[in-house]
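Novice: Sequence:
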Amino acid sequence: MHFFDTSMTSPDILVHARSGRAWILCLALLTGSLEGISQETDFSPFARFGLGTSQGTLTPALASMGGVTSVSTGHMAVNADQPASSAGVVNPTFQGSVHFQGIRLTEGDRSAQTATGGPGSFGLVIKRPRRPRAFQLGLTPLTSKAFNVSRSLTDSTLGNINETYEGQGGLARAYVGLSRGWRGRGWRSAGKEDSVLVNTWGLDAGIQADHWFGDAIQNAFLDIEDATFRDVRTSISSRHRASGVVFGAEGYTMLRVNYNDSKDFEGSWMLKLGGTWSPARTLSTDFTHLVQSTVLFNGIVSGLDTSSFESAILKGEVPQQWTMGGGIQWDGPSGGRFGVFVDHHAQAWSSSQKSLDHLMEGSSEWNDASSTAIGLMVTPKRKSGNPTRSTWRFGFRQSTLPTAILDGDESSHALTEQRVSMGLNMPLKGSRSASQLHFGMDFGTRSTTLTAVHAESTLRLHVGVTLTPTAKNLWLIPRLYD
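Each residue of the sequence shown is one higher than the one before, counting from 717 in this note's numbering.
Hints are supplied without guarantee of correctness; some may be wrong.
[What the hints assert, rightly or not] Restraint ranges, calculated between C-beta atoms of paired labels, are given here:
hint, residue 1, residue 2, range
1, G1051, L855, 31 to 39 Å
2, Q1036, F945, 45 to 53 Å
3, R896, A1062, 25 to 33 Å
4, G1124, T1088, 30 to 38 Å
[Claimed, not checked] Heads up, simulated PhoX-like pairs for lysine-lysine below, C-alpha to C-alpha not over 25 Å straight-line:
hint, residue 1, residue 2
5, K1031, K1070
6, K1145, K1099
7, K988, K1097
To be clear, the hints were calculated from the coordinates, so they are not data collected in a lab.
Each residue gets a CB set at the ideal place from its N, CA and C atoms; glycine is no exception.
Based on the provided sequences and hints, a complete structural model is requested.
Specialist: Rendered as structure tokens:
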């Protein structure tokens, strides 16, 4: 394991500098097992608070548009955050992705950096081709509790002391859902004397049952260099689980559809709207807190005496969450497409200040979370002899996270995050189906207004694939003959 050290601030609030103390932030390159990587998809000292750092949307086609999820921006992406989206997917579809992340932490003129990564979102939409009903299931990372912070200080009685705080684990989300779509048709003029029958509106609705699960382990080590004093180890283990439901709906209406006298399509404008709502759910935690005196024997830290031990099943309320969004899309006669979409999310975590206070450590508190995203989608027109082409996506997201840091006078400073993103999806070469490869990247910063708090910069790369059946080998359709 490789360590990158730099002098940082106090973990009491992860950042308050104290005279006579030199803080060191140690970032370790995560090279553990696949199980560990699947939970620890991020690495941040801020993960010490609450449920950890939120991973956001890890589906490349959505992450590259700033994380717009309340409305569908195409018919090829499996959207885990919008239960209604599966009804608009044309064929049975499987989607999976991985991501890689570089992380840099800075405080003043000091910095540290490392890299991590892991699986992204995996989802499957099961439906008959072009049918209105769909079944959806999947698994996606939710939060990460990976961090490693240490400090060194000198005490007049105890001498040199080294303290280390580390965490691992996180939460994942599994879901199943059902959705249904409705479509309406209407006549539109084609030239001056004719008309054509086209789809003029659509509405999709869906429901998901999901389950949050995962382990979060935090350890604190007090290492006194003077062998006459015993060292101290504090271990906190939290095994979380929470079940709930998510409701979603999205729809579109054709603002304008143009055809010429020959009934050739000349372009259209479409308005899209959507939203989701998840009611409050109960979070159950198998909580254990152990404080031990330890001694180093033959290079192994061994427990001697147990100073305190607590074990309980704690329950708290995860507040309701909602998203709303919309967009406008233009489709051209040669297959070109342009769309602009916006998305807003809110969740009042401050209402869980008392019921989930056991998850907040140090000088921190729960804070109301919100985020606003804007995404841009561009598909060039078809060229003669080459009907396939890539779709480019761009996005920006501004978020207020559910953690607030308290300074010396107990005033609250919200933890915020900003991300810019871009990506593309392209046809899978050699495939006779509509399968696609997805590439994306996003750059973000995470910080507070406290000058004594470190700031984080991350660069994530996403790679994913969407697999759909060919026209002659449709999934879930019985063969007419062998």
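Novice: Now tell me if each hint is right for this structure.
Specialist: These are the hints, each one checked on the structure:
1. G1051 <-> L855: 31 to 39 Å: Between G1051 and L855, where Cβ atoms are some 34 Å apart, the hint holds.
2. Q1036 <-> F945: 45 to 53 Å: The hinted range 45 to 53 Å holds for Q1036 and F945, with Cβ atoms some 50 Å apart.
3. R896 <-> A1062: 25 to 33 Å: holds, 27 Å
4. G1124 <-> T1088: 30 to 38 Å: holds, 31 Å
5. K1031 <-> K1070: holds, 11 Å
6. K1145 <-> K1099: Roughly 17 Å separates the two Cα atoms, so the pair holds.
7. K988 <-> K1097: Judged against 25 Å, a Cα distance of about 22 Å means the pair holds.
In terms of the numbered hints stated before, the structure departs from none.
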